[in-house]
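**Q** The lines below spell out each chain.
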Amino acid sequence: VQTDSKYSDKELALLLKDHDNHAFSWLYDHYSGALYGFILQMLSNTEMASEVLQKVFVDAWRNIQQYDAGKESLFTWMVKMAHHLSVEVVRSVRSKNSTEPVSPKESIENSTHLLNPIGFATILHKLNPEDRAIFDLVYFKGYNTEEIAAMKSISTVTVQERIQKVLLRLRELLK
Amino acid sequence: VNIQDYISSGIVEKYVLGLADAKEREEFERLSVQHPELDRARKEFEWALEQHALDNALPPPADLKQQIMDDIRANTPVHKPKLITMENGKTTMRRNNPSGFLVAASVILLLGCGYFIYHFYSEAKTLKSSNSELQAKLNSSDSILNQIVAEQKVVKDSNVTVVNMVGTQVAPRSSANVYWDSASTNVYIVVRNMPKLPTEQQYQLWALIDGKPKDLGVFDATDDKVIIKMKNTQKADAFAITIEKKGGNPSPTLEKMQAMGNTKQKL
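First to last, the protein sequences are chains A and B.
Its first residue numbered 252, the first sequence is counted upward by one per residue in this note's numbering.
Its first residue numbered 19, the second sequence is counted upward by one per residue in this note's numbering.
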C-alpha cells in the first residue's frame with residue numbers, strides 16, 4: 252500500500268518485527284540493489300551473488316527479532332550479513348581450489364586484481380596499492396591477520412597498522 | 019579513554035564493517051552509551067556507507083523478489099505476536115482538549131476492530147486446517163475399511179484355501195497367511211509378523227509346483243495386517259517366502275527361506 256513512502260529505520264524495524272509484508276517489500280525495493288552491488292563486488296558471479304542476496308533477505312526476515320536499532324542501522328546489519336555470507340562463499344571456493352597449490356605471491360596478486368571495480372571497491376582504488384591489497388585480503392577475502400602476515404612476510408603488527416590506515420582513510424574517501 | 023582519540027583510531031569503521039572482535043564490540047557499545055559523539059560518529063559513517071552503496075546499486079535479477087516474497091511467506095509464524103508500539107515524548111495528550119478523548123476513543127476502537135478482525139481471521143484459519151486434518155483422517159480410515167472388507171470377502175469365499183505360513187528355523191517367529199482362490203487363481207497374502215528388512219531387500223512369495231518354484235511377486239514387511247494381491251497361480255502344492263534383493267529374483271534363495279505352508283488342509 253505505502254510503497255513510495257519513506258520509513259525511518261525504527262519504524263521499519265518495528266513493522267518487520269511484526270512480520271509486515273509491505274514493510275519487507277519496501278525493504279527489498281530500497282536496499283536490494285545496494286546489497287547486490289556490494290555482494291557482486293565480492294563474488295563477481297551473478298548466480299552466487301543472487302543466492303547470497305536471497306539468503307540475506309530471508310535471514311533478515313527470520314532473525315529480525317535479533318536486530319537492535321540502538322547498535323546499528325538496518326542497512327549496516329544487512330551489509331554485515333551479506334559480507335559474512337560472501338566471505339563464506341569466497342573461503343569455500345578457495346578451499347576447493349586449494350588442491351592445486353598456488354604460491355603465496357600469486358594468490359596475493361589474484362586477490363588484489365579486480366577487473367571492474369564496483370561499489371565499495373571504487374573508493375579503495377584511491378588508496379595506495381599495498382594498503383589496498385591488505386584491506387582486500389582482510390575484508391573481501393576473509394583472511395585473518397596472521398595469514399596475511401605469513402603471506403606477505405611482514406609482522407602482524409604491520410598488518411594491523413596498514414588495516415588501521417585504510418579504515419581511517421575510508422571515512423574521508425566516503426565523504 | 020580520550021574519546022576523540024578513540025574515535026580517530028579507526029574503531030568506528032572497524033565496528034561498522036564488522037571487523038571488530040567481540041571484546042572491541044563490547045567496549046564500543048559501552049562507550050557509545052556514555053559518549054554521544056561516538057554514537058554520532060558511528061551514525062555518520064553508516065550513513066556515508068549506505069549512500070555510497072545506494073549510489074552504486076546494481077539491479078538484482080528481476081524474478082528474485084518474487085522468490086524471496088514466497089520464501090518469507092513460508093517462513094512467517096502462523097500466530098502473529100501482537101505488538102503495540104508507544105512513542106515516548108513526541109505526542110502529549112492535552113487534558114483540556116475534548117478532541118483528545120475522541121482521538122483516544124477512535125484509536126481504541128480501531129485497535130479493537132483490528133483485534134477482532136485478526137481474531138476471526140485466525141479462527142477461520144484454524145477451522146480450515148482442522149477441517150482438512152479431519153478429511154485426511156477420514157480418507158485414511160476409508161482406505162483401511164476397504165482393505166478390511168476386501169480381506170473379509172476373500173476369507174469368506176468357499177473356493178479360497180487358507181495357507182498358514184509357518185516360520186522356518188531361520189525365522190521361527192515369522193508368520194503370514196496366504197489366501198489362494200483355486201477358481202479365479204487369485205493369490206493374496208496377509209502379513210501377520212515378518213521382521214523389517216533393509217531397504218534394498220524385499221520378501222518374495224513362491225508357489226511350489228511339483229517341487230519347482232514359481233515367482234508370485236514381492237512384498238514388504240511394512241504392509242502389516244493389510245491384504246496384498248500377489249501374482250496368480252493355477253497350481254500350488256505349497257507356498258514359500260524368501261528374502262531377496264529389492265524387486266525379487268527369478269529363482270529363490272532357499273537358505274533364506276522364512277516361512278512355508280502346504281495347501282492340503284482346506285477350510
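No lab work stands behind these hints, which were simulated from the structure alone.
Please note that the accuracy of each hint is not assured.
Claimed, not checked - Here are a few chain A residues that sit away from chain B, every Cβ distance over 12 Å (derived from the structure):
id, residue
1, Gln292
2, Lys306
3, Val309
4, Lys347
5, Asn379
6, Gln415
What the hints assert, rightly or not - Here are the simulated lysine-lysine pairs, DSS-like style, with alpha carbons at most 30 Å apart:
id, chain 1, residue 1, chain 2, residue 2
7, B, Lys83, A, Lys331
8, B, Lys214, B, Lys155
9, B, Lys253, A, Lys306
10, B, Lys253, B, Lys232
11, B, Lys83, B, Lys41
12, A, Lys347, A, Lys403
13, B, Lys230, A, Lys261
14, B, Lys174, A, Lys306
15, B, Lys61, A, Lys268
16, B, Lys264, A, Lys377
17, A, Lys268, A, Lys331
18, A, Lys268, B, Lys83
19, A, Lys268, B, Lys232
20, A, Lys377, A, Lys426
In this text the structure is predicted, and so the values were computed from the model without any measurement.
Think of the CB as a built atom: it goes at the ideal place given N, C-alpha and C, for glycine as much as any other residue.
**Q** Could you work out which earlier hints the structure fails to respect and list their numbers in ascending sequence?
**A** 1, 2, 3, 6, 9, 11, 13, 14, 16 and 19
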